[in-house]
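Asks: Got chain A sorted already, so can you dock chain B onto it with the hints?
Residues per chain are reported as follows:
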Amino acid sequence: ETGVTQTPRHLVMGMTNKKSLKCEQHLGHNAMYWYKQSAKKPLELMFVYSLEERVENNSVPSRFSPECPNSSHLFLHLHTLQPEDSALYLCASSQIGRAGLNTEAFFGQGTRLTVV
Amino acid sequence: GENVEQHPSTLSVQEGDSAVIKCTYSDSASNYFPWYKQELGKGPQLIIDIRSNVGEKKDQRIAVTLNKTAKHFSLHITETQPEDSAVYFCAASIKSRNTPLVFGKGTRLSVIA
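In order, the protein sequences belong to chains A and B. For the first sequence, the numbering used here gives the first residue as 1, with consecutive numbering after it. For the second sequence, the numbering used here gives the first residue as 1, with consecutive numbering after it.
Be a bit skeptical, because a hint or two may be false.
As the list claims (entries may be wrong) - Lysine-lysine pairs mimicking DSS-like chemistry, simulated, CA-CA at most 25 Å apart: (1) B:LYS57 - B:LYS37; (2) B:LYS37 - A:LYS22; (3) B:LYS68 - B:LYS58; (4) B:LYS42 - B:LYS68; (5) A:LYS36 - B:LYS42; (6) B:LYS57 - A:LYS40; (7) B:LYS22 - A:LYS41.
Derived by calculation from the structure, the hints in this document are not laboratory data. Note that this is a predicted model, so its numbers are computed, not measured.
Bound conformation, chain A alone (with noise of 0.2 Å):
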């Protein structure tokens, strides 16, 4: 148990659905991360939710639509998702100190999307 719970574990959504990934910190933490991890490849962070700016990555498609209402929530909203986004998603959160350093990083366990 490391404080940051995904839900749901599985998910099998065709490519025409539109589904929602959801991750709670229990930490107290002040940010919040979407990784994409994908077979053979690095971990790829996706969006960061930070001292209230969202900060993102360029090279994600506009299928992928975060949504952070709250220090300690954090959403991904899917909707008409290609195979190739099959990987698994995992949110993480850590604390940023005012002096600009970065704590570690604590992960949730992850959620397997399959896009059919």
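Replies: Relative to chain A, chain B alone:
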């Protein structure tokens, strides 16, 4: 931006032997270097980290060394056990409040009994 290279991509060792995984980083402003272990079906979990004001840190069978001049850091696992088999990721953090960890591509370690 920061770039982290990790080698090797796969590593097999006999139980009881040592394993070494190496990473290099590009941005000299990076000051925090964690290592994560990811077991099958789980998210990555922090196993050890080091900050730029020290050169080595140990925690039982695991140690990390940092060479700031050469911009590389390494993970050392001694007396390996089958349960050490996993994917290991190194990461580096730049001294900026809006810059998250940059990860290496990972090393799949297999400990053969």
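Asks: Could you work out which of the previously given hints the structure breaks and list their numbers from low to high?
Replies: When the structure is compared with the hints, numbers 4 and 6 turn out to be violated.
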